[in-house]
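Chains as they are written, first to last, in the numbering used here: chain A, 35 to 135; chain B, 32 to 497; chain C, 1387 to 2084.
A few of these clues could be false.
What the hints assert, rightly or not - Computed far set for chain A versus chain B, every beta-carbon distance over 10 angstroms:
(1) 36
(2) 38
(3) 39
(4) 43
(5) 46
(6) 50
(7) 79
(8) 95
(9) 123
(10) 133
What the hints assert, rightly or not - Quick list of simulated restraints, FRET-style, between CB atoms:
(11) 1388(C) with 491(B): 43 to 49 angstroms
(12) 1408(C) with 487(B): 23 to 29 angstroms
(13) 88(B) with 119(A): 23 to 29 angstroms
(14) 1743(C) with 491(B): 49 to 55 angstroms
(15) 1877(C) with 486(B): 51 to 57 angstroms
(16) 463(B) with 1895(C): 56 to 62 angstroms
(17) 1989(C) with 216(B): 50 to 56 angstroms
What the hints assert, rightly or not - Derived BS3-like pairs: lysine-lysine, alpha-carbon spacing no greater than 30 angstroms straight-line:
(18) 388(B) with 373(B)
(19) 60(B) with 171(B)
(20) 171(B) with 132(A)
(21) 1552(C) with 1485(C)
(22) 388(B) with 1859(C)
(23) 1958(C) with 1552(C)
(24) 1958(C) with 1485(C)
(25) 388(B) with 57(B)
(26) 171(B) with 57(B)
(27) 171(B) with 373(B)
(28) 373(B) with 134(A)
(29) 132(A) with 373(B)
(30) 1958(C) with 388(B)
(31) 57(B) with 134(A)
(32) 1859(C) with 1792(C)
(33) 1792(C) with 1485(C)
(34) 1859(C) with 1958(C)
It is worth saying that the hints were derived from the structure and are not from the lab. Here the structure is a predicted model, which is why all the values come from computation and not from measurement. The C-beta atom is built at its ideal place from N, Cα and C for all residues, glycine as well.
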Amino acid sequence: MEAAWFLYVSAILFAIGIYGLLTRRNMIRMLLSAEIIFNAALLAFLSLASLDAGYGPVGGAIVVIAISLSAAEVGVIVSIAIMMFRMRRALDVYELRKFKG
Amino acid sequence: MEMVIWSLMVLLGGVGLVVPTLDYLKGTKVSPYLALLATALAIPLVGSLIGRSGTLFDGTIRVSPLATYLALVATVGAFLVTVASMVQARNWSTSPSLYSLLLLALLGVYFVLYVNDASVLVAAWALVAVASYVLVGIRKDEDSLEATAKYALMGVASSSLLIFGIALVLGVIRTSTFQVLNSVPLGVRTTLLLGILMLVAAFGFKLGVVPFHGWLPDVYGGAHPLIVSFVAGVIKLISIGAFLRVLQPLIPAVADEWFIIMAFLSVITMFYGNLAALVQRNVQRMMAYSSIAQAGYFLIAFAALAYADSRSVALQGIGLHVTTYVLAKVGIFVGLAYFARKGFDLTLEGLSGVGRKLPLSGTFMAILVLSLMGMPPLLGFWSKFMYIFYSVMNVAPWLAFLGIVNSGISVGYYAQVIRYLFFADPPEREVREVESDLEVYVLTVTAVLTVLLGLGLVDALVAALS
Amino acid sequence: MEYAFLTWQIPYIGAILALLLNRAGKARDVIAMLAIFGAAVASTFTLQEVLASEEAIHISYPWIKSLGVTFGVYVDSLAAVMALIVAWLSFLIAVYSLKYMEGDPGLTRYWFFFDFFVGSMLLLILADNLVLMFLGWEGTGLASYALIGHWYTDEDERCVGDIGRKALGVPMWFPPSHSGLRAIVFTRLGDVGFIAGIGAIYYFTHTFSIPQIAHMVGEWAGPLAHAGLLFPFLLIFSLGAFAKSAQFPFHEWLVTAMTGPTSVSALIHAATMVKAGVYFLLRFSPIFVLAAHEIPAAEPQVHAFFTTVALIGGFTAFFMATQALVSRELKLILAFSTASQLGYMFLALGAAGLITEFPMGFLAGFSHLMSHAIFKAALFLVAGAVIHVVHSRYIDDMGGLWRAMKWSFLAMSLAALSLMGVPPFMGFWTKDTIIEVAKESGVFLGYLFGVVTAGLTAFYSTRMVIRTFLYEKSENVIHAEEHHHLHEAHPLMLIPYLTLALISLLVGLVWPVYGPQILGVMVSNVLGIHEEFHPHVELNLGLLVTSLSMVFGGILVAVGLYYTAGGRRALKSMRENPVGRALHDFLYDRWYINSIYYIVIVGGFAWLSRVIYRYFDSLIVDGFYHRFIPWLTEKLSVLGFKYFETEVIDETYHDRIVRLFRAFGSYVRRLQTGLINQYLVTFFIGLLIVLFLLLWVG
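Just chain A, with the same shape it has in the complex:
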């Protein structure tokens, strides 16, 4: 039943991440929240993969690929944040509301 505990932890992380993502307005903080969600997902993945003989090794491989996905996304968002900071001297996403309606 160990896997179930990991799933609970994953769910808690997921909730924390969503809370952060919805309430933060600093781009980097939003990114961190999103990363928490992502790691929750990875944790869920690994715990489900190790549940019993199923897709264990493949699951591990997929998680490694997924980590590279997240790394790439972090890279892009950080560079977007840098671009924004250069242009606006701020990282408040509320500033980004020219497009609406």
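Fit chains B and C to the supplied structure of chain A, relying on the hints for placement.
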């Protein structure tokens, strides 16, 4: 067939990786030509797979006629965007990266369309997603900053859901290969549904399904129209491909629930997209909302996949409507980019009389808009009314009816575009179409294909699909 | 020979030629006109062919095999006669346009859409399957949109309605581009029903072929009838016809369609567009009747359908005629009159389904379509010539023109007499049959509307002729006379309408003798009418007295009002009397229906989005940002996380969101706030909603 896939990888991946290095280091300007060559060569390469099927690379890739068809449409779309970019992106400082990203994203699109294994799905999805965030922001101005920030931040959330969804689904099917699942034990049914729902959210995010659509109007409506033509016309195919490849095998196990989710989402998506488009004054943004509405039509066909007797028509409908959609969106956004380059503002008033100053592109633009509207005998009429709506006639006539009502609503704004293009006074300045305007050729190809396919080649397409 | 194909293809070819000959000037116009002539000749041969053979001509080639859509023509006597009328009328209007449109800057566009319009109309008449018919149907819609908005620069004199006039706060004048949009939106509304009906029929029969649908009537009407859905189905299927033929409540577009060039109005009103709806009913009502015969369960529902058609038709006839009474614009009078006459045709077809001898009602509607097409084309063409001469669309600026435009006066009088239904004009015979059929059908209200409308028609037609050609000259006319602007129309314009007016008289004269023969040809082999029918022309004395007394009553009242001192006094006092004034405004503002549409639909839309916004605002913004988050944060901080969250309960932060939301303009658009966080809220709440939906149904 493995050879073909290898060649595509070498061709697109190789050129895509080399292009920026070469141009940035040596200061040459070969990237547009190399990219054009690569996409042009990719068309026959993908074409050689038509009608073939089989699994490759130890079962991680599966070739099927429908997937090849979608891949071909994507390639043609990418080729047309590349053609248009030769003029549009000529003076962009970042243009080598643009071409590199176009090619790499296209490669990722192929892998999603042919995916047969969860590991390939994650890798290919990551490639396309990251490439598209960068593409949207490639202009490095305020508008693209806003668009790409919204796109990327929401994208991260959706890719987390993708991982969650895959984890749950694989936990139920206990293999990483996607295969048809006819029934599941009752105990894990909820887990499977939850997984499917998360995948729907992740894929629906890219497709622009309400309520996962928030980024779409701002990206399609705010980014440079040339980039939008690629993001809307080519990259969007990955979500349709993923729906078909990843979710479709799971449907038989949860057919009724699947139908309910899809029907619900399609109704709100269609209505939201069409109603919001009605009040837009900016044509680019209007077309963004029209994309949301079109996503709703696709969802109708996805709903029809739930049952065996409507499945084949629905699959044909998806294939055909993808053609309509890609031709129209690539053409329209390239056309908007062209008008913008000619100094027109992309609001309705700003486009007043464009059809009179630029008769060729105006007319072709009108044809594409009419095709989206579903005017017979253009391709959009057949794909939307005769296949997509018809596919659910057996299972849920009310859904087909709501679809028809929605395409009735959509006339309101599509007609506005045509009205301003032609029935308004053009500005007093000298604007002409000249032979070096490559965008006009793109518009010509898309519009002529829309007309020809509508006039009787629909049959040939359907044959290619099945 | 496949003349039937040529009939609709030649105009399309003409349209393409007009585009190609963009710079050829006069040659382009003549070629485009000749294309219509070619179609007219081909249609004549088609009719000959149909008459020679016992059976309908049905030629079809496979087109979209996977759907079973064919590319073909189905010509029975209905289609052949209809095509003949449309093609020849369009030809005369094309000849007229040669002169009338001379010097217009948008001639290529004009001729392209003109030929395209005629081609689409002929295609919809001759098509052998619903998809092809729908293609033509949509083609006419598109072309009318372009032609109504032809003068898209929206100068005041091109508008319809009085500039600046408002009813219930809604503007009552419409520039061309707006009118075009109204036309396409109103008719597309009906097309939604048409295409839904096509889908339903295909679902049951797996064919689009019209003869097949008639043949397999039991297979689609049966299940629908047993489910009790046949009546709504028939209504939805015919919705397109109601909208196209401008029947209440879809009539508004036709009125404002007057912004197009007058030749276009003539085309829309006489030959194409609005006749498409009547043709639709002519084509399908025999099939509906067949359904009632074959399936007992269907009979009450089909009856209900035909009763509805008759009532709507009758009401439209009356309703539009009342508005014509007070209209000040020459073309607008004619537009009201068209919608009113179309109402007669719908009344006839509705009544036809209720009487034992269906073909009699069918012929009443069909022959009235024919006679209306002829006299209405003549009236519009005269109106165009008159407006051209006096440079005003208001009848107040006309009067006393008869001396300068004798032939035009003659043409208009003849056509107007036909419209009024004065014997022995053609309009008399056809309208009389309709009233007779309506009486026989037992729909008393329809009959009543028919009779009363006959009187109203006589009144407004007489008033129109008097105010245009007779009566005292207006200042405008006197002014034009001084400058020698008054002149008879150019022969190219004059000959078409004079011909039409004379035809209207001559056919009426010979009707008692040749009428049965003509009617016999029209009904000789119509799809779905199986029983032998021998038409005859006879007059029902009681009815004749009723309708003629209405007609002459109407004429006398009009003449009396304008030509006797008492009448003028009455007119004057009516204008000054508040009740008369209110009545006048009520009619003049088209029973306020247009205003109601704008208020209800446009206002309703705003109301709806306001409501959505309010809930959105109170639930998401208020509930989530103002209540839930602070509450959560407070709880969390109580738990000792305070140092973790320092800035959440931040007044400015909340104020700003609220201000932001309030500041946005359009209500629907508030859903798209531009805030990433809100998009994410929508994302996850949407996900939750779908999840709950699943758990709820699962």
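Results for each hint:
1. 36: holds, 15 angstroms
2. 38: The claim stands: residue 38(A) keeps its Cβ more than 10 angstroms from every Cβ of chain B (closest is about 12 angstroms).
3. 39: holds, 16 angstroms
4. 43: Holds, because the least Cβ-Cβ distance between residue 43(A) and chain B comes to about 14 angstroms, which exceeds 10 angstroms.
5. 46: Holds: least Cβ distance 14 angstroms, greater than 10 angstroms.
6. 50: About 13 angstroms separates residue 50(A) from the closest Cβ of chain B, which puts it past 10 angstroms; holds.
7. 79: violated, 4 angstroms
8. 95: violated, 6 angstroms
9. 123: Residue 123(A) clear of chain B: closest Cβ-Cβ about 13 angstroms, beyond 10 angstroms.
10. 133: Non-interface label fails for residue 133(A): nearest chain B Cβ at 4 angstroms, not farther than 10 angstroms.
11. 1388(C) with 491(B): 43 to 49 angstroms: At 25 angstroms between Cβs, range violated.
12. 1408(C) with 487(B): 23 to 29 angstroms: Since the Cβ atoms of residue 1408(C) and residue 487(B) sit about 28 angstroms apart, the hinted range of 23 to 29 angstroms holds.
13. 88(B) with 119(A): 23 to 29 angstroms: violated, 43 angstroms
14. 1743(C) with 491(B): 49 to 55 angstroms: Holds, at about 50 angstroms.
15. 1877(C) with 486(B): 51 to 57 angstroms: Violated, since residue 1877(C) and residue 486(B) (Cβ atoms, about 42 angstroms apart) do not stay within the stated range.
16. 463(B) with 1895(C): 56 to 62 angstroms: With a Cβ separation near 60 angstroms, residue 463(B) and residue 1895(C) satisfy 56 to 62 angstroms, so the hint holds.
17. 1989(C) with 216(B): 50 to 56 angstroms: Once the Cβ atoms are compared, 55 angstroms apart, the range 50 to 56 angstroms for residue 216(B) and residue 1989(C) holds.
18. 388(B) with 373(B): holds, 10 angstroms
19. 60(B) with 171(B): holds, 20 angstroms
20. 171(B) with 132(A): holds, 16 angstroms
21. 1552(C) with 1485(C): Roughly 36 angstroms separates the two Cα atoms, so the pair is violated.
22. 388(B) with 1859(C): Between residue 388(B) and residue 1859(C) the Cα gap is close to 45 angstroms, so the pair fails against 30 angstroms, i.e. violated.
23. 1958(C) with 1552(C): holds, 24 angstroms
24. 1958(C) with 1485(C): Roughly 40 angstroms between the alpha carbons, so the hint for residue 1958(C) and residue 1485(C) is violated.
25. 388(B) with 57(B): Roughly 41 angstroms separates the two Cα atoms, so the pair is violated.
26. 171(B) with 57(B): Within the cut-off at roughly 23 angstroms; holds.
27. 171(B) with 373(B): Holds: residue 171(B) and residue 373(B) sit about 21 angstroms apart, inside 30 angstroms.
28. 373(B) with 134(A): holds, 26 angstroms
29. 132(A) with 373(B): holds, 24 angstroms
30. 1958(C) with 388(B): violated, 53 angstroms
31. 57(B) with 134(A): Given that 30 angstroms is the threshold and the Cα spacing comes to 42 angstroms, the pair is violated.
32. 1859(C) with 1792(C): holds, 15 angstroms
33. 1792(C) with 1485(C): holds, 19 angstroms
34. 1859(C) with 1958(C): Holds. Residue 1859(C) to residue 1958(C) sits at ~18 angstroms (cutoff 30 angstroms).
Violation of the numbered hints given earlier is confined to hints 7, 8, 10, 11, 13, 15, 21, 22, 24, 25, 30, 31; the remaining hints are satisfied by the structure.
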